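Enquirer: Protein chains in written order, with numbering that gives the first Met the number 0: chain A, 0 to 167; chain B, 0 to 270.
Since the hints were made in silico from the structure, they are not lab data.
All values derive from a computational prediction rather than experimental measurement.
Please note: incorrect hints may appear among the correct ones.
BS3-like, lysine-lysine: derived pairs with alpha carbons at most 27 Å apart [what the hints assert, rightly or not]: (1) B:K67 with B:K187; (2) A:K89 with B:K184; (3) B:K61 with A:K136; (4) B:K184 with B:K140; (5) B:K11 with A:K46.
Distance ranges between label pairs, derived from CB positions [said to hold, decoys possible]: (6) A:L112 with B:R102: 54 to 60 Å; (7) B:S100 with A:I9: 51 to 57 Å; (8) A:Q142 with B:L80: 29 to 35 Å; (9) B:Q231 with A:I21: 42 to 48 Å; (10) A:A13 with B:E233: 54 to 60 Å; (11) A:I161 with B:S32: 51 to 57 Å; (12) A:I161 with B:Q2: 17 to 23 Å.
Ideal Cβ placement from N, Cα and C applies to all residues, glycine included.
Read off the chains here:
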Amino acid sequence: MNSILSIHTIRFIALVFVQVLILNHINFLGYINPYIYIVFIALFPVKNNRIVLILLSFLIGITIDMFLDTGGIHAGACVFTAYARPLILKSSFGMMYEHQTIKFNSVEFGSKLIYFTLLIVLHHIVLFSLEIFSISKILLILQKTLFSSIFTILLSVVVTIIFSRKTK
Amino acid sequence: MQQIINFIIRNKNFLLFLLLFGFSILFTIQSHSYHKSKFINSANFLTGGVYNSANNVSNYFKLKSQNKLLSEENKKLRSLLLNSKTEVDSSFIDSLTFGKSYRFYSANIIKNSYALNNNVLTLNKGFNDSIRQDFGVISSKGIVGIIDKTSGNYATVISILNSTSSISAQLKKTNHLGSLIWNGKDSKFTQLIDIPKIANVKTGDSIITSGQSSIFPKNVPIGTIESFKLDQAENYYEINVRLFNDMTSIEHVYIIENVNKEEITNLLSNN
């Protein structure tokens, strides 16, 4: 239990630092940034209390917001994603979620990709809607969501592959 | 009563979600209105410290280009100093003779931002360096933004690349006034609106600050006219302004304090 706690603490801090010090300065083609800290929410243990996940998501979101001066847009998007996570887990893993036996290190690549995609696209839609905050610019929201999602999905899949430990 | 408690326990996830999401929306809306964001800004001890130490490292990679900018500015100032008799009417460029009304502080940008819809920068000077809200920020090439929040050693700047910023600006040739806003699309361009139709607007003309807002002095350069068109009512021009500043790479900036500001605002509020 203790090691799980420390892993998640380290992951939390590391992801925040990587996000605000490196990834937010990429600005590929002017505005495309990956938001990799979503991996924290994605890889949070399934069995744990849902309230803890929602609180921690709010915390990571508001920390990012504080660094980026963006009000509460990351916090909002994170809380929304954390609340919707069981639904996404169910739709992408099906039976495995029902039996509570998901280990993110050992699931199939295909369903993992679907899970990440759903989670990230949802997060980005909420994020950019809150950032731009105007329905008349819906095309800009969708455009930003599309390009940033592709970037984030690629990067988070690569990161999880690199940092996953094989459990046999 | 029992039923209410049961309801809360049954829906505790959803209620917590609603509460936190409500908080986020509140913070977001506050950040959209001028000078309202109270808690969540990067001018605090933690974020300022992190950005400052990261900036200490990344500074070295920009040394060459920043040195070049500064030496160019030195060259310009030196030539002004030698030819100072020809430039006597500008309170901004020749701050020595008109130095009574504006005070300058130098600072470094430790967090730049230009890709969002509402960009906010962070500086390494704060309240302890006598920086206060609503001081102007310029670089050697032109306008940068306005100070928003200050903490002990750090301050945040509402960049001109922020959809809530609106700065009084004018054409350099004639004195037609307008306000400078940003449509959130391109970090190289801002928009100047409310220039009357009667003004003689040409592409390539310079835009400067008007000096009517008690934040910026007159004659701070902003940019040149890239293109222009009449607005929907056909009474005013909407002008696309190409900025002199490359907002994606700014490091050294100057903060301007208007010493007479209190007097001006008192006078205006008495009316």
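Enquirer: Now tell me, hint by hint, if it's right for this structure.
Expert: Status of each hint after checking the structure:
no.	hint	verdict
1	B:K67 with B:K187	holds, 21 Å
2	A:K89 with B:K184	violated, 38 Å
3	B:K61 with A:K136	violated, 36 Å
4	B:K184 with B:K140	holds, 22 Å
5	B:K11 with A:K46	holds, 17 Å
6	A:L112 with B:R102: 54 to 60 Å	holds, 58 Å
7	B:S100 with A:I9: 51 to 57 Å	holds, 53 Å
8	A:Q142 with B:L80: 29 to 35 Å	violated, 50 Å
9	B:Q231 with A:I21: 42 to 48 Å	holds, 43 Å
10	A:A13 with B:E233: 54 to 60 Å	holds, 56 Å
11	A:I161 with B:S32: 51 to 57 Å	violated, 43 Å
12	A:I161 with B:Q2: 17 to 23 Å	violated, 51 Å
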